[in-house]
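Based on the sequences and whatever the hints tell you, model everything.
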Amino acid sequence: MRIEPFTDTPLSILAYDGTPKENPDSLGLGKDDYLHMYRWLVFVRGVDDRGYILVRQGRAGFYAQIAGQEAAQVGSALPLLKDDWMYPDHRSQGSMLVKGLSAAEWFGHVLGRTLDPTQGRLMPHGPGRRDLHIVPPASTVGNKITEAVGTAMAQRIKKRKEITICYMGDGATSEGDFHVGMNFAAVYQAPALMFVQNNQYAISMRTDQQTRTKTIAEKARAYGMPGYFVDGNDVLAVYAVTKHCADRARSGNGPSLIEAYTYRYGPHSSADDDTRYRPKGELEMWRTQRDPVTRMRRFLELRGWWSEEQEQRLQAEIKAQLAAAMEEAEKSPPPAPLTVFDHVYETLTPHLAWERAELAAELGV
Amino acid sequence: MATVQTPPQTQLTMVQAIRSALLEEMERDQDVVILGEDIGVRGGVFLITEGLIDKFGPERVIDTPLAEAGIIGAAVGMALYGLRPIAEIQFIDFIFPGFDLLVTEAAKIRYRSAGQFGVPMVIRSPYGGGVRGGAYHSQSPEAYFVATPGLKVVVPSNPYDAKGLLIASIRDPDPVVFMEPKKIYRAVKSEVPAGPYEVPLGKAALVREGKHVSIITFGAMVQVALEAAGLLAADGVEAEILDLRTLQPYDTQAILTTVAKTGHVVLLQEAPRIGGYCAEIAAYIAEHAVEHLEGPIVRVAGWDTAFPYALEKVYMPNAQRVVRAVKKTLNF
Ligand SMILES: Cc1ncc(C[n+]2csc(CCOP(=O)(O)OP(=O)(O)O)c2C)c(N)n1
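If you read the protein sequences in the order shown, they are chains A and B. Position 30 of the first sequence, counting from 1, maps to 30 under the numbering used here, and the rest follow consecutively. To convert a position in the second sequence, counted from 1, into the numbering used here, add 365.
None of these hints come from the bench; they were simulated from the model. Do not take every clue at face value.
Said to hold, decoys possible - The list that follows gives simulated cross-link-like pairs (lysine-lysine, BS3-like), each with its CA atoms no further than 30 Å apart: (1) K420(B) / K331(A); (2) K280(A) / K420(B); (3) K82(A) / K159(A).
This is the structure we're talking about:
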């Protein structure tokens, strides 16, 4: 695959049925890498399925599924190095898991328990972890984009060989923050990857209601950076393009925009009713003909590296692993009431200390 | 000869009452348009605009790209031209990308054009906690708007007022921030007449009469005040509840009247205490009615933290806190 910017059709390596259009070994990958990628796809799908069940059981207030977008997330997170920074958005848990967040921490986050590295501070849009360089997302669409660029500018100022990846949806590209962030990133040649998961909807709004350009990738041209349009359900293509842009940024050649063309299977969130706006049949088509996990599995099968028996074993292994993670999350207590005053500032102000005493008296603790 | 009929009344939720205000005003005035995210086929995330696009078409029910600066800025421009736009911000927590257009432009154009231009627009938006929404789907940011001369700020507490206040806001010549308490969107029903009517801006409502203490509040907290009043009544304390309804301009007369009557004041808001709206009311009472006070003015508010997710119940003001505040001022 020639990694070219500004194509009209998405760059891809695997056809919808998993047949390679060309030999992906030229990416420098081998059997173990492919198996590793596939395992991640199955794993993040498993985590997400179990996370969503918590809402249906009434044990969480909210959930935004990534189902359908696993390849976009796994494929873009795998090329990152340990010290690289990640700004996830509200639908990036797959990327966070690849970067090092544990499934138990994710479940703890969804349940609002202390196992959540962010202590149940935000509805389940994603935690963060300083040591993993994962910045917690806000709910506010787009408002992390300029921050991510600032982090990338700092990496350049400090002459580190690190990069920053910023995740956003197609909807986020309508916010002013996107345009300001793109311009800053290009002007300062910041080592930033602007990674757009174009899942074709922003709640009910189709991408063609957000923008008149045919692709989002082509917007990059106006800011003076390359924009890559890639099949977001082809984990190999996403990996190859992200790796290419990461290498470019790491070697001082500036930012890139990547548009991963994909599809979300779930409603926008557990609070949405997608039957109001999704045309009949569309979801079924994507699910049955373009599924990112199945596509990678077919590729492995074609190479003779995967069997039904291996599949069963992997599913059983992940099931057990996730059951243990869920148990760990459930055992973790909710945050203690008085911690509500922690971390407003680094140290408690006199006024907050007074409010804390008032609450302690109220609770008799 | 046709007999005079009283307009039909129905029990409506706040969602239905707000929808009927939009529908009737759009029928009455061709210049009323609405714009916002997902307000078309999706009907808005709370279904307030459900069905309106079928009735009025995409030129008057404008589904916008995801950009609050675009929504608010475009509404200002439409209003300057003579339309009467109603902008929906999906959650008030997301008004901030358009904050500049609101506080710098919408609020100030009448003043700095010496009255030549005005912006008759409404920004409707759900606010408040109690819905497991965490830090960015629960806030009560009224203090920012109230501190901006040129904006009117309206917060209904029940379906009847919601409809009448929204109609009055749409017809008002100045920009109105209309904050809808989403926790009680569907939880409270009241009799709502069919057909348009106005509840005047700047007028408070006496929700409950009492002689021992005045609880002054607004929005979803009116329900909390009512619950507290029930608990207090069991103890022989009769609380009066004043629902401000409009925060800017606010009803000074109603405040002075209730303070003179009871001599004890508890102020109740969901937002953090420091610099909050109730501080303004407390200052006003201290300046103008201190001779009637028989105890300290006590505020019940959210803690001075960001809005938490897991600890939401610990955060939200509740009836027990109001009761304690009432005892504090009564036992002074
Ligand atoms: C500034 C802002 N406006 C509105 C919202 C409400 N909202 C949450 S997600 C969303 C759509 C986001 O679409 P997109 O960026 O494409 O990401 P997706 O959810 O499809 O992954 C909207 C409108 C918000 N969270 N923040």
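Verification of the supplied hints:
1. Proximity of K420(B) to K331(A) is assessed by CA-CA distance (about 52 Å); at most 30 Å being required, the pair is judged violated.
2. The hinted pair formed by K280(A) and K420(B) meets the criterion: a straight-line CA distance of about 23 Å does not exceed 30 Å.
3. Between K82(A) and K159(A) the CA atoms are separated by roughly 17 Å; this keeps the pair inside 30 Å, and the hint holds.
In the structure shown, a violation is registered for the earlier hint numbered 1 alone.
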